[in-house]
Amino acid sequence: MSRSVGHSHHALGSTQDAARGTPYDVYLLGVGGQGVVTMGDLIADGAMEAGLPVNVYPTKGMAQRGGSVTVQVRLSYEVTGPEIPEGEADLVIAMERSEALRAVRYVRPGGDFLLYGHVWEPTKVMLGRADYPTLEQVCQKVHETGAELHYLDPQGLPQREGRPLPANVYVLGAAVRCTGLGRVLDAEAMAGVVARRWETYATVNEAAFRAGLEAGVDDA
Amino acid sequence: MTIRLITGNEAVALGALRAGVKVVTGYPGTPSSGALASLVSMELGDDRHVEWSTNEKVAIEIAGGLAWAGQRAMCTMKMSGLNVASDALFSIAHSGVNGALVIYVADDPGAHAGMVEQDSRGYARMMDLPMLEPTTVAEAYELMPLAFELSERCGSPVFVRSVTSIANSHAPVDVGEPVPPEEREPILEWDITKYTKAGSAIAQAQHRQVIERLGRAGEIVRQMGLNELQMAEHPGGLGIVAAGVTVSYLGEGLKIAAAQGCGWFDGAHHGLERVSVLKVRGTNPVPEEEVRALLEHVEDVVILEELEPYVEERVILEAHRIGFEGRIVGKLDGTLERVGSYGVREVVCAILAGCKPDLSGSKPDLHEEAEELVAARPITVCAGCPHRGTYMAINQALRNLKLKKDEVMVTGDIGCTILGMNEPFETVWNEVAMGSSVSLAQGYVYSGLETPVIATIGDSTFFHAGMPGLINAVQHRVSLTLIIMDNGWTAMTGMQTNPGTEEAFQPKGNYQVDLAKLVPAMGVEHFFVIDPFQLDEATAAVEKALELPGVKVILSRQECAIQAQRRGIKAGAAEVDVEACTLCRKCITITGCPAISLGEDAIVIDEALCYGCGLCAQVCPFDAIEREGE
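Chains E and C, in that order, are what the protein sequence lines are. Each residue of the first sequence is one higher than the one before, starting from 18 at the first, in the working numbering. Each residue of the second sequence is one higher than the one before, starting from 1343 at the first, in the working numbering.
Calculated directly from the structure, the hints in this document are not laboratory data. All residues carry an ideal CB built from backbone N, CA and C; glycine is no exception. One or more of the hints may lead you astray.
As the list claims (entries may be wrong) - Reference listing, derived: stretches of chain E covered by chain C, where coverage requires no fewer than 3 residues with Cβ under 8 angstroms from a Cβ of chain C:
1) 83-92
2) 116-123
3) 173-183
4) 192-206
Kindly produce the complete structure, drawing on both the sequences and the hints.
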């Protein structure tokens, strides 16, 4: 985890046309309450605005909060089934360290794996009655897939007026910035999508997205 | 037409509006709930009626009555709901309909939401009802008007079946304006040979008619061109029969299979050119003619369908009839499983088996060791959930009565209340079907247990199918304790209203059936109402009930905390006295509340998550949690 990436220095627009029409699969996952489903919705809105075909399939089991949540986003397919095949996801966005391991089977060799290192310990772990994977273990497993790991430190989540910015929108910004998603969806267009999604918190969310665009991501 | 991003469920709802549906009934159940829920949230005007009915049987009877009166009706449910509706639906199927009756049922291959993994296509076959299946979200919209048309043209109820991955997927759909229901005089037709089942002559005539209607339906579906046959130019090669969602994976699966060395070479022609495909959207009746045409054209055939081999069995039958000599690859030859949902992997696996049985293909590395490191996340009730207090009261009452937990049967039921099976409560033992907890408990009482037997159930589940069980227990004077955990909403499926929901939150003009009045009127001898947030009183009530003879009912009442908080209501707030907290962890091990975590010197309560129920304060041995708002 060494190289921190600075500001965007390539014109997103120029590569976008080439990426259009090429199928692109995003596998998002985390814990219920982290806003993973919303991230899928935002990507879908961005795709709709860009006129790209999209299928978004969230699965969240029975829990309102605290359970595993996944969203499978399939972009630019003429016709597509909802589920991404194992080893075929172009991008994984994992919002929680332990949950990230569930996505290892989905990322394709050479794909992007964005890990937001938030730790949400289940009760048993908190009480010391169960194990929780170390960051090194998770990174190791991602490396074994041949995917490119991008690590986003939750400590870096900026605050605004004393409150942390919404992590999901922040991470989405980072994904557009440092992964192949930025070649499919335009960063400025996505900032607009984020701002329009919420009536009341438009500024906070757009700020979170832009902070993500400038986030220090470690390419480990 | 405008392109909108909608779910498969919404597509079904909007498609029904496009078809001029007049009345929609249903009962919530994942993955089907989103269809009716989206209609409930729309301004539909006075010429349509949409309702969450008490259960699926009630819902299908209302829709059936509408269709007999010549109108267009739809009824929605999950696969388990179809089990409940089936008794009435069988009868309606054999009578036929005058208007249109479309039954939307959503199956859950992979059982993401729990319950029996079942294939509702079996009902279509058993009831001789036509069934249509969309293969994508957009098709769910397009199929609905055709389903209504089919129902009216063949005079039969029609199933539209989807699965979780279509029902819950969002995709762009070209949506047209809703079409208002046609103004039709209600039909009142006196015909006991059609509308009753009284006698063998009537019943057998109806049996004949339902079979004839299905035949007509097959003909209409053929005219509609729903079952698409794409034949390779030259005979030979591989045939694929795909049904439902598997159709959407074909393109990708064929490409991957070809890349893995699958080829159908005969000199000039090769690869994908040698593949013939039958896409089945009308799964009942299985399109025999198209299947036959495909079999006559190809060398080997692959059948792709999730869950049961219903299409495959018909393909084998047709193959037998025409003396097909090729290989038939599917579930019955062991290539594919009858369990779980299908994706590209299953499609590739079957194509490889069909193309080159000796070619196993390169299996993707599933990195299973990575998943072994994942921390398990057993689901529990939300912070502030009133059910927490009820489980805690049951557990405490058993301790007070010196009863061991593994000696006292606590039957469970469907919905959020089943979460009492998990840590830290481990109160609830089992789960069968809507309302089963009460009668299951009666069975345990008859088994000769000397310890008390408790049944637990939620409010909506009690209205749905728990009432007959309670009436039975009252009639037979069975000694058991039923605890109705009344949070005012049908919560687990996404907060729908039920008969007990407060009138202010029900659709305008509805009446609230108050459990506090209903239950005593059912002849229950001992009736208690408790507040699950008052642990001592709740525990005392459970203790007392367990010691009394006869049928005891405890109504444990507090609104679902999620719903209350959506209106900005909290029960209070909790604050930790850092000096007093000894980090004994009792608050965590007894309540399992997601708002509490371990800090450096004291426990920490997440202010945003905490509902202020105060249960943690009531179990703290050191009075280290202060509850405000009391």
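Here is what the structure says about each hint:
For the region 83-92 of chain E, the stated coverage by chain C holds: 3 residues have a C-beta nearer than 8 angstroms to a C-beta of that chain, and at least 3 were required. Judged by the Cβ-Cβ criterion of 8 angstroms, the region 116-123 of chain E is covered by chain C as claimed, because 5 of its residues qualify and three suffice. Chain C is given as covering the region 173-183 of chain E, and this is violated because 0 residues of the stretch bring a CB closer than 8 angstroms to a CB of that chain, at least three being needed. Against chain C, the region 192-206 of chain E contributes 0 residues with a C-beta closer than 8 angstroms to a partner C-beta. That does not satisfy the three-residue criterion, and the hint is violated.
Violated hints for the displayed structure, listed by number in ascending order: 3 and 4.
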